[in-house]
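Using the sequences provided together with the hints, build the complete structure.
Chain residues, written in single-letter form:
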Amino acid sequence: MPLDYIWQAPKKMTPVGVGLKTEHFDHVLRTMPPLAFFEVHAENYMTAGGAHHRYLETIAESYALSVHGVGMSLGSAEGVDMRHVERFREVIDLYKPVLVSEHLAWSVSGGTYLNDLLPLPLTEESLRVVTDNVNRVQDFIGRRLLVENPSSYLAFKSSEMPELEFLTRLCEATGAGMLLDINNVYVSARNMGGEAKDYLDHVPEALVGEIHLAGHLRKDIDGVELRIDDHGSRVADEVWALYRDFIRRAGPKPTLIEWDTDVPPFETLADEAGKAADIMKAEYDAHV
Amino acid sequence: MSELARLQASMKAAMVSGAEPEAHLVASVLPSGLAPARRIQVHQNNYRQTLTSALLALFPVAQVFVGEQFMKGALARYVADDPPSEAVLAHYGAAAADFLQVFPPVAQVPYLPDIVRLEWYVHELQVAVEVDTGDAAPHQRRRLSPNVRLVDSDFPVLNLWMAGTGQIAPEAVNVKSGGQCAAVLLSGGEVRLLALDAAEREFVRSLTSENSAHEPVAARLIEMGVLCRGA
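So the sequences go chain by chain: A and B. With numbering that gives the first Met the number 0, letter number 166 in the first sequence gets 165, and the count goes up by one each step, no holes. With numbering that gives the first Met the number 0, letter number 13 in the second sequence gets 12, and the count goes up by one each step, no holes.
Each hint should be verified, as a subset may be incorrect.
Going by beta-carbon spacing under 7 Å, a handful of chain B positions derived as facing chain A [stated by the list, open to error]:
| id | residue |
| --- | --- |
| 1 | S1 |
| 2 | L3 |
| 3 | K11 |
| 4 | R38 |
| 5 | V41 |
| 6 | N45 |
| 7 | T49 |
| 8 | P82 |
| 9 | A86 |
| 10 | E123 |
| 11 | A127 |
| 12 | V130 |
| 13 | L149 |
No lab work stands behind these hints: they were computed from the structure. Note that CB positions come from ideal geometry on N, CA and C, so glycine has one too.
Dropping the structure here:
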């Protein structure tokens with residue numbers, strides 16, 4: 000299987016994109032914004048028909064697409080649901096995305112879908128489960144996945160290794176790449192302790208096929224501040240700083256702005272994407 | 000059952016019920032600053048809130064009659080009663096109307112389940128592919144078109160829907176004025192609502208009989224796209 004998780008935007012294009020929301024379909028088709036790619040959630044396109052398919056088919060004629068799964072449940076002990084994997088493959092076959100990704104998380108138990116990206120104990124047992132599931136999905140869809148680091152609100156006593164080691168070993172065992180969500184690294188470090196900068200400094204940059212950036216929410220629970228990864232605001236300054244440092248070390252990477260709740264006008268997303276492009280250009284220019 | 004499967008089953012039980020998590024699940028979580036039960040609650044709340052919001056967005060007309068708080072509460076109970084079995088949320092909510100039908104607080108607003116049913120069918124057909132019903136031979140059995148869903152209601156469900164969407168004044172609707180049969184039809188890529196008259200309603204109710212006395216009604220229903228011919 001080729002290393003097809005590495006995508007380079009067409010020449011002269013800075014590889015930035017935004018999550019494509021139904022609210023923005025008309026705007027995108029009317030203005031054709033200068034972005035390298037759009038990302039959609041695979042599950043939203045697993046319906047047989049609907050106007051959203053017609054919009055995406057038109058947008059896909061002019062833009063590269065990234066298909067991002069949120070419901071595969073790569074961490075399920077019971078294995079992945081092959082009916083879901085089959086629908087995932089149908090979306091990929093239909094839209095021919097340049098990037099395909101999922102999460103290091105689980106969301107299905109006993110056939111019930113819990114609509115959340117739930118944390119795994121980072122154990123050898125979990126690593127075997129996720130490795131088997133990623134292999135099964137990759138074999139079935141005929142291409143490699145990017146696996147995204149989750150945002151965490153709890154950790155298990157039974158964990159035997161740090162998240163980055165788990166992800167790196169998973170990628171080594173399956174040939175998958177990493178979708179590095181820098182906001183998630185920051186949110187998890189704030190919630191669970193640990194240094195986001197230290198995590199990012201040790202990410203094997205060659206494995207990273209895409210970066211996610213998003214805003215998060217601060218919530219006070221029993222006097223303890225918890226950061227919630229709600230994708231409902233601009234990217235935090237601290238996350239921009241981490242992104243700049245990572246790009247300086249790793250070079251340009253396809254970078255996506257996610258915004259899924261309280262979706263603002265398209266211009267706000269484009270403005271955030273512009274910031275990522277500016278950082279990538281500035282760091283790149285400094286190196287040549 | 001493996002250690003991981005046990006943990007996931009326990010987490011699922013806590014999320015779906017919204018109740019206090021089992022002791023061994025709480026004991027498996029690192030405390031670090033915030034109590035484990037409170038950390039688990041972040042996921043319990045997320046489950047209830049995200050699914051309730053997804054369903055709420057499907058039933059805006061029902062919400063006009065009973066308000067957001069009532070719908071949120073009722074749908075949260077539905078989410079606990081009938082959790083999704085797949086990750087495609089566009090397919091989730093088909094049984095919400097049946098749940099509301101027997102949900103005691105809805106007894107005060109007995110027409111609500113049929114409005115929810117109508118809205119579900121509109122949504123279901125909006126994400127469906129229109130089936131080509133073709134030109135079947137006249138001798139073939141008549142049947143309901145696969146592009147149609149019916150809401151055969153004891154209430155004036157279409158008038159209520161029109162009031163809920165602001166097309167007619169609420170005071171123009173008398174819920175005791177008798178039932179209406181609504182056909183939700185996917186045609187030419189658009190979903191339309193049609194009212195069936197008494198004869199048409201009677202005919203679709205007795206689709207199994209091929210009574211020739213009903214021919215004009217049947218012909219009209221085929222013309223409307225509500226019926227088609229074929230196996």
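Against the structure, the hints:
1. S1: Holds: closest Cβ of chain A sits about 5 Å from S1 of chain B, inside 7 Å.
2. L3: 4 Å, holds
3. K11: Nearest chain A Cβ about 4 Å off; hint holds.
4. R38: 4 Å, holds
5. V41: 5 Å, holds
6. N45: Check passed: Cβ of N45 of chain B comes within 5 Å of chain A, closer than 7 Å.
7. T49: Holds - the Cβ of T49 of chain B comes within 7 Å of chain A, reaching about 5 Å at its closest.
8. P82: Cβ of P82 of chain B sits 5 Å from chain A, so the hint holds.
9. A86: 2 Å, holds
10. E123: Because about 10 Å separates E123 of chain B from the closest Cβ in chain A, which is outside the 7 Å limit, the hint is violated.
11. A127: 5 Å, holds
12. V130: At about 10 Å, which exceeds the 7 Å cut-off, the nearest Cβ of chain A leaves the hint on V130 of chain B violated.
13. L149: The hint is violated - L149 of chain B has no Cβ within 7 Å of chain A, the shortest such distance being about 20 Å.
Checked against the numbered hints above, the structure breaks hints 10, 12 and 13 and satisfies the rest.
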